[in-house]
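Novice: Residue strings, one per chain:
There are 2 protein chains.
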Amino acid sequence: MLGTERTPRVVAARKLLRRAGREKAGRFLVEGAQAVREAVTGEVRVHELFATPSAIERNPDIIGTAEGQGIPVTTVGDRVAEILSDTVTPQGLVAVCDLIDVPVAEALAGCPQLVAVLAGVAEPGNAGTVLRAADAAGADAVLLAGDSVDPHNGKAVRASTGSVFHLPVARDRDTPRVLAACRDAGLTLLAADGHGELDLHSPEAAEVLGGRVAWILGGEAHGLPESVLEAADHRVRVPLYGRAESLNLAAAAAICLYASAAQLRQTRRSRITDRA
Amino acid sequence: MLGTERTPRVVAARKLLRRAGREKAGRFLVEGAQAVREAVTGEVRVHELFATPSAIERNPDIIGTAEGQGIPVTTVGDRVAEILSDTVTPQGLVAVCDLIDVPVAEALAGCPQLVAVLAGVAEPGNAGTVLRAADAAGADAVLLAGDSVDPHNGKAVRASTGSVFHLPVARDRDTPRVLAACRDAGLTLLAADGHGELDLHSPEAAEVLGGRVAWILGGEAHGLPESVLEAADHRVRVPLYGRAESLNLAAAAAICLYASAAQLRQTRRSRITDRA
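Which chain is which? The protein sequence lines are A and B, in order.
Residue numbers for the first sequence follow the numbering used here, beginning at 1 and rising by one.
Residue numbers for the second sequence follow the numbering used here, beginning at 1 and rising by one.
Chain A with its partners taken away, still in its complex shape:
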């Protein structure tokens, strides 16, 4: 029997599409095969799965894993899949999971080498894309500060393509407190800023990038706020060699995080060579 009607559980799950509903329930929705697979095979607690018959047929591995873990799987019709989705093309597979964010102190525990701080990144696609780049660059944590989007937002989760499950994610609206926590963790604070005094490709920057750093990324429209720029140890600019006035946030973030990842490894290589 297909549950095409709005059962109490569907109604409860639907509330998780909004931030207020997520905060109240302490849960969020994860949609689509890739993300749901990460959820059921990862450390996040999954409470239940809603799946259309065709999604069940397409993803026997996911359904099998979920059932093996005793996660209830409810077969639903297309209409229910639709109302549990915030996309125009629902994938027919939705998991209800515990929120995954941790306290900032926990995210920064254990001597992190590379951290991404999203300062006031409001656009969910941007936040998810930067999260994905941070994961790829081997960052140890992502911190969402200020008026940043909820990392449990459906579009942010999708844009992260699973990365939201791969590394500790923390959030705190109090940006100065987040920056102070990074400093206390021994990280050098680098603000990515188009007008920064330090050129990312300069020898001076290479020295800084070989250390443990927190990249502060944000300012989608008008750059990072002055208070954040002042709190940083260095304001680093991605040099513009052509005639473009700027890079978009996700591109600049990827370049900065990978510049750090490369330099960290080069510094390690030279240390090994020095010892030999």
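Treat the hints as calculated values from the structure; they're not laboratory data.
The beta carbon of each residue, even a glycine, is placed where N, CA and C say it ideally should be.
Hints may be right or wrong, so weigh each one.
[To be verified] Quick list of simulated restraints, FRET-style, between CB atoms:
#1 B/Asp174 to A/Pro8: 53 to 63 Å
#2 B/Asp174 to A/Gln69: 44 to 54 Å
#3 B/Pro176 to A/Gly68: 44 to 54 Å
Following the hints, position chain B against chain A.
Specialist: For chain B alone, coordinates are given in the frame of chain A:
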């Protein structure tokens, strides 16, 4: 008097929203203050401007420049601005311009150091973002090969934030011919490929990146086609240090192009030091 009705010129301009219309007329539409400003102050031929009264009020500089150049400015109502726009929030300012693409040979003239080849990049936002990153990285040309989107597509132009006017853009559906032209221009062909044998951050890659290269970027969904990978001199992977399975195209492109830009400059610096 406001032209709120569909005059023959509005009807003709509206046809430029589609690729077939653009090809036939040899013209395209440029929307929004930033892009229109670039158009009227750049080398592209602008035939006319459509502007709402409020857009005229907001952009006296653009209107003044256009009128100074004898470009006809037609005041239109919101409804006309809407039908000349492919965005949900029309900006009320649209320019009719000559197509800007040049032949591939022309784009590759003059000993280019760094070229971006978009191979089958169908999503306009991706194409525009990569174009913007190529401009920022100081690329000498952008070539659209295979089933890539028309660079005159409205969304591509917007995502490029003016970069479409900053460097030579060429297109040719025949990808092998584009790659051969790059090779004839003396460029080393680097395919950005998640499974590439050359690690972007390896010392071996640094040597290659210090030379004149064409980056082949594409494969939004399933990677670059085998024939393109085979035609390249090197298949270069952006290393994945964390648990992310991949980077999105725009982020990978930005990282690759900037790695080249940095290495090109470092090589020049060492040459100068060597001579001193």
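Novice: All the hints need checking, so say for each whether the structure fits it.
Specialist: The hints, checked one at a time:
Judged by the Cβ atoms, the range 53 to 63 Å given for aspartate 174 of chain B and proline 8 of chain A holds: they are separated by roughly 59 Å. One distance hint, 44 to 54 Å for the beta-carbon pair aspartate 174 of chain B and glutamine 69 of chain A, holds here, with the actual separation near 52 Å. Taking 44 to 54 Å as the suggested C-beta distance range, the pair proline 176 of chain B and glycine 68 of chain A conforms, at roughly 49 Å.
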